Amino acid sequence: MTDSQLLTLIGSQFGSAALIIALLMAYVNAKVGALEGKMDARFEGFTHRFNAIEGSIASRFNAVDKRLDELKELWRAEQGLLEVRIKHLEER
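Residue numbering for the sequence shown follows our numbering, beginning at 1 and increasing consecutively.
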């Protein structure tokens with residue numbers, strides 16, 4: 001074999017290796033992209049679930065707040081009645 005044939009053989013090996021590496025990188029990149037898409041879809045699902053749970057919790061807290069406001073009004077009315085009764089008893 002002559003020097004030019006050896007250089008051609010070595011050069012073609014490096015070229016083939018570079019081509020195989022480039023194809024492998026493209027394949028891995030495609031797989032990572034697909035995995036990223038699947039993960040994004042799952043995280044979107046979690047986001048929707050958490051938003052639904054957050055809405056449910058907020059509505060429950062609003063219901064509790066409303067009930068506490070009603071109890072405050074009831075307590076004020078009862079307190080007024082008790083004051084009237086105490087005043088009536090003190091007058092006796």
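These aren't lab readings, by the way, just hints derived from the structure by calculation. If you're wondering where the values come from, they're calculated on a predicted model, not measured in any experiment. Where is the CB? At the ideal position from N, CA and C, for every residue including glycine. Among the hints, erroneous ones may be present.
If you anchor each label on the Cβ, the simulated ranges turn out as follows [said to hold, decoys possible]:
hint: 1; residue 1: L19; residue 2: E44; range: 35 to 45 Å
hint: 2; residue 1: N51; residue 2: G11; range: 34 to 44 Å
hint: 3; residue 1: A77; residue 2: R42; range: 50 to 60 Å
hint: 4; residue 1: F50; residue 2: K87; range: 52 to 62 Å
Below 25 Å or equal to it, Euclidean Cα-Cα: the simulated DMTMM-like pairs (lysine to aspartate or glutamate) are [as the list claims (entries may be wrong)]:
hint: 5; residue 1: K72; residue 2: E83
hint: 6; residue 1: K31; residue 2: E44
hint: 7; residue 1: K87; residue 2: E73
hint: 8; residue 1: K72; residue 2: E91
hint: 9; residue 1: K66; residue 2: E78
Cross-check of the supplied hints:
| no. | hint | in the structure |
| --- | --- | --- |
| 1 | L19 - E44: 35 to 45 Å | holds (38 Å) |
| 2 | N51 - G11: 34 to 44 Å | violated (59 Å) |
| 3 | A77 - R42: 50 to 60 Å | holds (53 Å) |
| 4 | F50 - K87: 52 to 62 Å | holds (55 Å) |
| 5 | K72 - E83 | holds (16 Å) |
| 6 | K31 - E44 | holds (20 Å) |
| 7 | K87 - E73 | holds (21 Å) |
| 8 | K72 - E91 | violated (28 Å) |
| 9 | K66 - E78 | holds (18 Å) |
Checked against the numbered hints given earlier, this structure breaks hints 2, 8; the rest are met.
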